[in-house]
Amino acid sequence: MKGTTNGTATDVDGRYSLSVPETGGTLVFSFIGYTTLEKSFSGPGTVNVTMADDAKALEEVVVTGYTTEKKRDIIGSVSVVKPTELLQTPAANLQAQLQGRASGVTVSGNGQPGAGAKVRIRGFASFGNNDPLYVIDGVPTENPSSLNPQDIESLQVLKDATSASIYGSRAANGVIIVTTKRGKAGTSSISIDSYAGVQIIPESSMPKMLNTQQYGEYLFTSRRNGGVPTTSPIFGSGTTPVAPDYIVVSPGFSGGVPAGDPRADAAKYNITPGAPFYQIIKASPGTNWFQEITRPALIQSHQINASGGTEKGTYSLGANYFNQEGTIVNTGYDRATVRANTLFNPVKRVRVGENLQLTYETRQGGGEAGEGGAWAQAYRMVPYLPVYDINGGFAGNRVGESGNGSSPIANLTRGKDNKNNGYKIFGNVFAEVDIMEGLTARTSFGTDYSNNYNNNFTAITYERSENQTQNSFSESYGYFNTWTWTNTLTFNRTFAETHNVKLLAGTEAVKGSGRGITGSNQNYDLSDLDFRTIQSGTGIRNTSTFNTGRSSLYSLFGRVDYGFRDKYLINATVRRDASSKFGPESRVGVFPAFGAAWRISDEAFLQGIPFITELKLRGGWGQMGSQRNVDANNQFSTFASGGRESWYAINGQNNASTVGYRQSRQGNLTTKWETTETTNLGIDASLFDGRLTVTLEGYNVETKDLLIDQVRNGLMAEITQPRINIGSMRNRGFDLNLGTTGSFAGEFNYDASLNFTRYTNELTKMAEEGQVIYRGASRLGNVIAVQKGYPISSYFGYEVDGIFQNQAELDAGPAMPYKTIGSWRLKDQNGDNKIDDADRTIIGNPIPKFQLGSNLSLAYRNFDISTFLFWNYGNDLYNFTRWFTDMRGFVGGVSTRVLENSWSESNPNGTLPIISSKDTYSSGISTDYFVEKGSYFRMRTLQLGYKLPTSIANKVRLNNLRVYVQGQNLFTITDYTGADPDISIVGDNNNTGDDQFMGVDQANYPNARQFIFGINLGF
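With positions in the sequence shown counted from 1, the corresponding number in my numbering is that position plus 261.
Just so you know, the hints here were simulated from the structure itself, not pulled from any lab data. Hints may contain errors.
As the list claims (entries may be wrong) - Below, in silico cross-link-like pairs of lysine-lysine (DSS-like), each with a Cα-Cα straight-line distance of 25 angstroms or less: (1) Lys-263 <-> Lys-573; (2) Lys-1080 <-> Lys-1179; (3) Lys-469 <-> Lys-543; (4) Lys-343 <-> Lys-1208; (5) Lys-445 <-> Lys-343; (6) Lys-442 <-> Lys-609; (7) Lys-332 <-> Lys-343.
A quick note: this is a predicted structure, and the numbers were derived from the prediction, not measured.
Whenever a hint applies, use it, and build me the whole structure from the sequences.
Here it is as structure tokens:
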């Protein structure tokens, strides 16, 4: 009651009672999200009111750096992604769901269960880690993979310095801000969201390989053309190959035999120790190793959430179980998550709360990408070997001329109990105080704690040409914790209904540390799970501890926003970071940013244009830093001691060495921040009463003082090298977003959006003129070159300039290490009439010319249908798997391309060299034959749903019931010959990861096609 302390609260149906004086008075009705209403009364009786929505509260508000903003007032580059669109992609984490959902954001991934995709915002700001910073409920993290996507309430992507520089040294790669679900005052609800489905590898992803008879023809053709007798332990020594019935591996014989041969007598079979090895294998007419290692696999997610509250407090409690079996056998991922978000108002002007997530996850088996993974090993297996021998043991390549690959089924079966388990505690507690009108203080203390356990058992093998003669077991345990303490003071007032002023000042302290232990042993008498301990092995026991390195960051930051008549908007931001990762002279970095916007639609000269609802021009400039690629110990020179590393014969006797120390790391006190400077210009338009929205932005991003490992010669190459600042990089591009919503024909409602991304990347400066840094170490040498004037991760090698057709062309061609009629002719780049390392050049660009994502939803009465399409165009991919399948220097599976496309007198237009056992040169060099067009068009999602009418749902005490069916990755249009054109980054043989090995296909785990059934229930 107005003017008194007499008051009450309604129940959930809006009913209330209140003792009032006989003389009457005025009642004041208030509720969050509604306009405060006053109602006079003359005495006791019934007073009913209907409250109206607060128009200001209904304006869309988005979370940006340490605060919120009205979406229409944003000056920087911010993309808002709807959680409902993210959930249309069934995946373990939000990174995979982001592909194609926001302009300026590129995502690459693979089908490995639970794998996180690589997210890049407006290109690359570094040679190293280009992952964005994620801020979840105000707590920063570098790895959001454990976040349950169904907990997300809102997601914003900050893409330029005007919006992101408030995060200073961690913002150079962009910032993704996530807010999880909150309770709402005056409501209470329980929701259940579940889906389950099957995943399969599409037939188009299965490589086409030679069968047994074709393989024999290939082998004999290679020998005839190489001048070698056509003889083979498998296919005989006749003029044509003869496929065997059995393959025998014994002390006195190894090769193929026909049925009835006494050497194939099953009684002789023995693979157990203690007697001569004798394995009998029934030869396969053609094992499809890719079909053998794959299976239909289950994917499922089950979520329950309860939320509600009053004006005194709100809550949201959720639990989720996610399970994804691998489409490669004996692989999988499980995760259980619980979350609690609460907010309480214990006294007027004070709010306290917490956001807490607990996660437990486990990963099973192998199947990883790279040369040691199951998909790569399937390439390396010859077709005449089956999976099992005649007694059910693993068949392998112990027989001659079968290569040195490893049966992927054997590997996956033996490794099925290898697991990686971990749990994570993530969240914060916070308090807010309204000191006075418009002035709010907030403090938040957050933690990002992870704990991981990993074990791996390597079994003895008997079937391989290169057998593992000792079993071994290793396990490791480690933890890492980062705590963040943030304090902010925010002032937000409007003066004279004309001047909108918002001030933000804050401090932030971050500290991270961790520790771990590893152990291993060999020679286990038993391989039983219960016997696998470090102590059980009889070999040399090895244990070690490691410290991940402590680091800390202390920051001061501030921001000013000013708006005049809601028409002219400006802001300014500055952040000062001090990081322990740098030496004393470079420890502090200051990162400023400025922005301005003009709501031109409010000007008088545009008032007469009826289709313009709102039009805003904006621009900004700023700087952001990066310390992501600097190790915590980079500034220090360190020393270590260990056997055979630092033993010295001080007393002059070689058999009496003294343990000393050796240098293990070279420090660098002069390493400084990478600094990324951005300029952004944009236009936002809302047309036809908001039915069509358009956002167009152009940007320039310059990164200076790029960090990379120092390279030295001699003994210095044996120690960890420091990071040094050597160059500059530029990204330029533009983003386009279109959105439309409306209805037609009365009952049809539609919602469509399109986002378009285009950018170019170029290294603009290196430490020395003409300097080239080679990356991508592989069996083909370095396939990546980093040099001025080209994009990062540019492919490097020789250009194939056709095939020598006759002797005249051979005589006229440049000198080469190997050439013959039918071999590749390589392009002489420098015109010196010889082919050598100087003729290697840039042969491919991994960066697409554009990416486009399109979402369309259509609803008719209670039915709805939606689809999401994704188009990636104009990039190159380096298909390293062709080295396994198309080159002569390797024994293993062979692609059908070799018989179809190799040069011969009858096929002079072939693109592959003549099949010849003499040609080992072609298989040892990087050429543009490995470079393919990576463009593809994919239907990512097609969903059909039905919602039970509300009148019927209420009869069974439901607020909502919706069921749906969905297909994922239903089709892909591409010219790429690998398993999947969506290539994730896996690193090279020297562990060069991130974007210096971008787009190189090392046998990625392909993305699966999914068929899903789901249900949404609301109570």
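For this session: Would you pick out the hints that fail for this structure and give their numbers low to high?
Result: Going through the list in order, the structure violates no hint and respects every one.
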